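Protein chains: 2
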Amino acid sequence: MGGPGIMEPGDAVHPSPWRAVWALPLRLLLLLLLPLLLGRGLRAGAAASSAGAAAEDSSAMEELATEKEAEESHRQDSVSLLTFILLLTLTILTIWLFKHRRVRFLHETGLAMIYGLIVGVILRYGTPATSGRDKSLSCTQEDRAFSTLLVNVSGKFFEYTLKGEISPGKVNSVEQNDMLRKVTFDPEVFFNILLPPIIFHAGYSLKKRHFFRNLGSILAYAFLGTAVSCFIIGNLMYGVVKLMKIVGQLSDKFYYTDCLFFGAIISATDPVTVLAIFNELHADVDLYALLFGESVLNDAVAIVLSSSIVAYQPAGLNTHAFDAAAFFKSVGIFLGIFSGSFTMGAVTGVVTALVTKFTKLHCFPLLETALFFLMSWSTFLLAEACGFTGVVAVLFCGITQAHYTYNNLSVESRSRTKQLFEVLHFLAENFIFSYMGLALFTFQKHVFSPIFIIGAFVAIFLGRAAHIYPLSFFLNLGRRHKIGWNFQHMMMFSGLRGAMAFALAIRDTASYARQMMFTTTLLIVFFTVWIIGGGTTPMLSWLNIRVGVDPDQDPPPNNDSFQVLQGDGPDSVGGNRTKQESAWIFRLWYSFDHNYLKPILTHSGPPLTTTLPAWCGLLARCLTSPQVYDNQEPLREEDSDFILTEGDLTLTYGDSTVTANGSSGSHTASTSLEGGRRTKSSSEEVLERDLGIGDQKVSSRGTPLVFPLQENA
Amino acid sequence: MGGPGIMEPGDAVHPSPWRAVWALPLRLLLLLLLPLLLGRGLRAGAAASSAGAAAEDSSAMEELATEKEAEESHRQDSVSLLTFILLLTLTILTIWLFKHRRVRFLHETGLAMIYGLIVGVILRYGTPATSGRDKSLSCTQEDRAFSTLLVNVSGKFFEYTLKGEISPGKVNSVEQNDMLRKVTFDPEVFFNILLPPIIFHAGYSLKKRHFFRNLGSILAYAFLGTAVSCFIIGNLMYGVVKLMKIVGQLSDKFYYTDCLFFGAIISATDPVTVLAIFNELHADVDLYALLFGESVLNDAVAIVLSSSIVAYQPAGLNTHAFDAAAFFKSVGIFLGIFSGSFTMGAVTGVVTALVTKFTKLHCFPLLETALFFLMSWSTFLLAEACGFTGVVAVLFCGITQAHYTYNNLSVESRSRTKQLFEVLHFLAENFIFSYMGLALFTFQKHVFSPIFIIGAFVAIFLGRAAHIYPLSFFLNLGRRHKIGWNFQHMMMFSGLRGAMAFALAIRDTASYARQMMFTTTLLIVFFTVWIIGGGTTPMLSWLNIRVGVDPDQDPPPNNDSFQVLQGDGPDSVGGNRTKQESAWIFRLWYSFDHNYLKPILTHSGPPLTTTLPAWCGLLARCLTSPQVYDNQEPLREEDSDFILTEGDLTLTYGDSTVTANGSSGSHTASTSLEGGRRTKSSSEEVLERDLGIGDQKVSSRGTPLVFPLQENA
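Top to bottom, those sequences are chains A and B. In terms of our numbering, the first sequence has 568 at position 568, counting the first letter as 1, and numbering is strictly consecutive. To convert, take the position in the second sequence, counting from 1, and add 1000; that gives our numbering.
Derived by calculation from the structure, the hints in this document are not laboratory data. It should be emphasised that the depicted structure is a prediction, and the values quoted were computed from it without experimental measurement. Hints should not be assumed to be uniformly reliable.
Distance condition first, Cα-Cα at most 27 Å in a straight line; then the derived DSSO-like pairs of lysine-lysine [to be verified]:
1) A:Lys253 with B:Lys1099
2) B:Lys1329 with B:Lys1253
3) A:Lys253 with A:Lys445
4) B:Lys1418 with B:Lys1253
5) A:Lys418 with B:Lys1099
6) B:Lys1207 with B:Lys1418
7) A:Lys207 with A:Lys445
8) A:Lys445 with B:Lys1068
9) B:Lys1445 with B:Lys1242
10) B:Lys1482 with B:Lys1207
11) A:Lys208 with A:Lys418
12) B:Lys1207 with B:Lys1099
13) A:Lys99 with A:Lys242
14) B:Lys1418 with B:Lys1208
15) B:Lys1418 with A:Lys418
16) A:Lys418 with A:Lys482
17) B:Lys1068 with A:Lys68
18) A:Lys445 with A:Lys242
19) A:Lys482 with A:Lys208
20) B:Lys1445 with A:Lys68
21) A:Lys99 with B:Lys1099
22) A:Lys207 with A:Lys418
23) B:Lys1245 with B:Lys1099
24) A:Lys68 with B:Lys1253
25) B:Lys1099 with B:Lys1418
26) A:Lys329 with B:Lys1068
Here are a few chain A residues that sit away from chain B, every Cβ distance over 12 Å (derived from the structure) [to be verified]:
27) Leu81
28) Phe231
29) Ser339
30) Pro470
31) Arg507
32) Leu612
We treat Cβ as the ideally placed atom computed from N, Cα and C, and that holds for glycine.
Could you build all of it, start to finish, from the sequences and the hints given here?
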């Protein structure tokens, strides 16, 4: 994978003349092709429909008309899918041009939205009203809508499924344009098809080392931060809604729970454009880890939070007022759903690891990749089917897969799975963003309320400020590496909203309040992706955040760039103590993981026969893979972002091997000098190195970490 | 790609004890898990539904009930998707076991069907009737069904979409089981989502050399053969239908065109199981090419044929009788759709080749892969939107992409695209087959007619015999390498039906005739995949077809295994003449392709400045990529299955370079001996070598073809 010279940036800087000549015309051609094709599809559809209308006489002709109708419907389906595909194609070509010319003010997602907007305008205002064959039945004898209707049309039974409610004013517009309806996807498509690969990829590609190093802060930002943000935004928006009621701008019900729900869905940040620029400029990895980790986890928190708020339904007639019992029930639901989803994701990951370990599936990379794909997707569906949250499950499944299963895969499957999910994630993400652009004009039930929108912008700004700055202050009390003001400002700035907020908002647009939220969410996503995404590069340099960092050479020394701007003195003693305290739970987990989970689930780690008590001998022998005993199979060189196990294996199994210099504040003894290196035997040291704390000196000297260990094995 | 040792068969032969211990329990666990999960999802759904039913009092509670209902529906969607994913997972694990133990009597597709059947039985007979909330409206004032209904329920408008007609007898059963309906997919899913990757992969992975060597025969089998088969089956089935009418077994209309339609859909062969075994055993490559090529193209022919038959609608009141005008119109439609689809596929392929050539997209493999994927899919939709046939378009798009675009891709994108489509093809194919298994029990509108089914089995047998043997006889008159009796018997035997026949049959199950066809098609697929798939290995050895052939070392010498069984004498003079005659059109095409298309569309081939006339100088310079001029970029070593261009490039550009020994019947002069090799300058020689005719001696001596050319470049 990744042969030499493929990604060479120098390659892209000098456009040859023949390319420059052709790039623009090609793009224009495609741009022109798009409405043309759409028009053609529609005209063909219209022709078929008029043909169908003319043939409504005889019984045989009626059958023919049904066939024609089905054909036309199929054609329109194709056109609507084609629209999105051409949108994505166009996005890819333009974004290539941008990357090629090193334009950074617009990310591919922002571009996808712009193209979506353009096509939305064309569809909305440029296409003829094609459909006059929808029929409004007035079967008013029923008191509620059923999910399925059986309609008896002159003796024949036809089955109809419920699409949704339509506000009375929009009844006519719905009838007018078939095409607009065709490009409107079922919101469940986002949750069942498009979100899982995005979220899974986030978990699977997590840069574990930097993530775990900042885990405490990330968890604080994601859980506390999102809760704070949700609560503040919800309350502010309730004020806005009260104001709207006074001004007379509110035409339907809008409860306090609706406001909290809005706070929850809009608290899911998605700094995809910021992170893309971070990646490209190799910005500070700790800041990257904080932002990425926060956004990954707060998606999970926001989705569970929003469903808990939906579940907050006070008993009796006293609806939509505070009720302690209902509140605690909601909190319980939150905890239950979150831990259930977490467990489910972890369990599927573990099952996949076991299957890939105990079968020789790695002889057939195709089967292995397919199994990996299916198991990962099944996590999502399994969680949804059990009433948990698939997104959360799939996220933790991704992390588990990266930690254990990845280790068992064949070399080919590793690259296959990584590339497969990379492509799926790319396509799904850009699809969602281009759909957002399209939805602004094609969605039929927008409720634009200027007061609500302005209020929401103010609220999300205040909500993020109230979450970043106080939390960072408290976190800095306990952190050895302080989160500097520039980092805090950057995090404050990076509060973009994206796919998750949109997917949550579009999931239910039945009521007036939800429609207003959807419209507002859409505008917030547009604004943040375009403005904040475009302002990332200037902001980075304005805030003096270092770029061009080698992610493997980090972290920066203790009293370097972190404090240099603010002038904080180093407090290494207190810092060390705090680090010790906060890390004990991770250390406990780490040694459990290293001694038991890794040997059980993967082909690495110490043999279970040495770590398990003697009476488990048979079990230990069954579970330990033969690779651990016979070192015939050479240690695989892992992708260091994913798994850092070789070192562990050698370190603890051999029981006296060599590791790198500890960090300056090293706190364990038992060092035996050997060529300037110290020998450590405790797994705590391994943990420290694995989390990237211990290896900084070695890395900065340019010594690869794994190779000297292998020499000793 | 494909690191050393990954696919080593020796690895799989010796199962280690710890694996054997765990494989079976794991599989059983999964098997047990499946119905359990389904049951759980259903029970949860039932609980939610009863909760919803209890809360139908107040207005606020009604909203709650709607939300609960949506939640339940989502949960059921998840469960139904999960069912399929677990089915596929189970299939993968079992098929790994089969491959591991070298069991060849059951292919993964057959296994997928069996698991599908089991789950279908569970769903049909093992799940409770969950849904009592569907409502039968009797709005009988309308004379026909509309695609969309707007229902006014006490002042609120709800939109409903048409699902399909239900025969009056089945109205109750439809209402009974939600789960059965949930696992029933929209037939358009097959055509828009699942078929494209399967068909594209067939085109993209076509072994071009062997395909083109047998192109004439393949085209004859695919076009003439399918037409003959369709006509014979159609007429035989019309006889069966007449018989059924006499016996009184026919309860509704069944026209002659319906019979022909059945003939068309059942003529699409899909010898996937046979070819998998061929691949595994390395059976004769010419036979492989004949079977694979025929099945790939006859899918295309069958789909166009079936839509032409649907379009065969005699004018006036004289419906369903022969009408010359309508017949010729149908023939015209066939030709129009086929050529239109062909053109569309080729054009999209060419556009992709141009885009990948004239942009430096190969610096970003992710973008490149995504673009390739989208462009290939868009072919399908574009063709469907324009009224052509997407499957045919995507097939030729795949071939074009392999021929041109593949050449322009970065090394990483090449493996990415191949692997991506391999995985997609694998998943889609197994999904379709497991869906087939499921459909036998969960499809609501089966019409089992024993006479029709038995008749159909006889008809497809006779149809295939009437197509293979006479055609082979006529083809053998013109072929140098005769198609032996054993090959003919094997082709006769390999008339399996698969995904395409199923997809065509399920696409329209509105009428009684179509429902009967669907049921029969399903049974034919089951029978052929299981029985014929299982009998392939015995049949191969019984027919004395050689296995263990190296595909690059073929073809066999003229008077070897081909004639050894029949004792035909070699007729090299006549054979050569015939070959010459039949090849002139390909030769013409080849030199056009080599001199103009390849230089325009790829980075290889002779510079256009040398092949185009002088007055096109500017254009030629613009279109020729700089790589062709400066040989700085070393010639890439291509996957010989896909592109064979390096030799061409060197051969014609240098104008006097070295190639291999011609075949025994070599007919050109201008040879200059140089170390036992002859120098040839005409592009006809290149063609011959490219089509694998010229290089047989060299290959069999074990000399690689490309390297000596590179030494001279």
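Hints, verified against the model:
1. The hinted pair formed by A:Lys253 and B:Lys1099 fails the criterion: a straight-line CA distance of about 62 Å is larger than 27 Å.
2. Using a Cα cut-off of 27 Å, the hinted pair B:Lys1329 and B:Lys1253 holds, with the two alpha carbons roughly 24 Å apart.
3. Note on A:Lys253 and A:Lys445: the hinted pairing holds, with a Cα-Cα distance of about 16 Å set against a maximum of 27 Å.
4. Under the criterion of a C-alpha separation no larger than 27 Å, the hint pairing B:Lys1418 with B:Lys1253 is inconsistent with the structure, at around 47 Å.
5. The suggested pairing of A:Lys418 with B:Lys1099 holds, with an alpha-carbon distance near 25 Å, which does not exceed 27 Å.
6. Among the hinted pairs, B:Lys1207 with B:Lys1418 is consistent with the structure: their alpha-carbon atoms are about 13 Å apart, no more than 27 Å.
7. Using a Cα cut-off of 27 Å, the hinted pair A:Lys207 and A:Lys445 is violated, with the two alpha carbons roughly 41 Å apart.
8. Under the criterion of a C-alpha separation no larger than 27 Å, the hint pairing A:Lys445 with B:Lys1068 is consistent with the structure, at around 22 Å.
9. Distance restraint check for B:Lys1445 and B:Lys1242: the Cα-Cα separation of roughly 23 Å lies within the 27 Å cut-off, and the hinted pair is therefore satisfied.
10. Among the hinted pairs, B:Lys1482 with B:Lys1207 is consistent with the structure: their alpha-carbon atoms are about 20 Å apart, no more than 27 Å.
11. The hinted pair formed by A:Lys208 and A:Lys418 meets the criterion: a straight-line CA distance of about 15 Å does not exceed 27 Å.
12. Taking the CA atoms of B:Lys1207 and B:Lys1099, the gap is about 24 Å. The hint holds against a cut of 27 Å.
13. Between A:Lys99 and A:Lys242, the direct Cα distance comes to roughly 47 Å. Violation of the 27 Å bound is thereby established for this hinted pair.
14. About 15 Å separates the Cα atoms of B:Lys1418 and B:Lys1208, which keeps this hinted pair within 27 Å; it holds.
15. Restraint check for B:Lys1418 and A:Lys418: the C-alpha separation of about 15 Å stays at or below 27 Å, so the hint holds.
16. Taking the CA atoms of A:Lys418 and A:Lys482, the gap is about 34 Å. The hint is violated against a cut of 27 Å.
17. As the CA atoms of B:Lys1068 and A:Lys68 are separated by approximately 37 Å, the hinted pair breaks the 27 Å bound.
18. Between the alpha carbons of A:Lys445 and A:Lys242 the distance comes to roughly 23 Å, so the proposed pair stays at or under 27 Å and holds.
19. Of the supplied pair hints, the one linking A:Lys482 and A:Lys208 holds, its CA atoms being roughly 20 Å apart against a limit of 27 Å.
20. The hinted pair formed by B:Lys1445 and A:Lys68 meets the criterion: a straight-line CA distance of about 22 Å does not exceed 27 Å.
21. With a C-alpha separation of about 45 Å, the suggested pair A:Lys99 and B:Lys1099 falls outside the 27 Å cut-off, and the hint is violated.
22. Proximity of A:Lys207 to A:Lys418 is assessed by CA-CA distance (about 13 Å); at most 27 Å being required, the pair is judged to hold.
23. For the suggested pair B:Lys1245 and B:Lys1099, the alpha carbons sit about 48 Å apart, so the restraint of at most 27 Å is broken.
24. Taking the CA atoms of A:Lys68 and B:Lys1253, the gap is near 20 Å; set against the 27 Å cutoff, the hint holds.
25. For the suggested pair B:Lys1099 and B:Lys1418, the alpha carbons sit about 22 Å apart, so the restraint of at most 27 Å is met.
26. Distance restraint check for A:Lys329 and B:Lys1068: the Cα-Cα separation of roughly 17 Å lies within the 27 Å cut-off, and the hinted pair is therefore satisfied.
27. The non-interface label for A:Leu81 is inconsistent with chain B: the shortest C-beta to C-beta separation is roughly 5 Å, within 12 Å.
28. With a cut of 12 Å on Cβ distances, A:Phe231 stays outside the contact zone with chain B, its closest approach being about 23 Å.
29. Separation of A:Ser339 from chain B is adequate, the least Cβ-Cβ distance of about 18 Å exceeding the 12 Å criterion.
30. No beta-carbon of chain B is positioned within 12 Å of the beta-carbon of A:Pro470; the least distance is around 35 Å.
31. Not every C-beta of chain B lies more than 12 Å from that of A:Arg507, the closest at about 9 Å, which undercuts listing it as non-interface.
32. The beta carbon of A:Leu612 sits about 15 Å from the closest Cβ of chain B, which is more than 12 Å, so the claim that it is off the interface holds.
Going through the hint list in order, the structure does not satisfy hints 1, 4, 7, 13, 16, 17, 21, 23, 27, 31.
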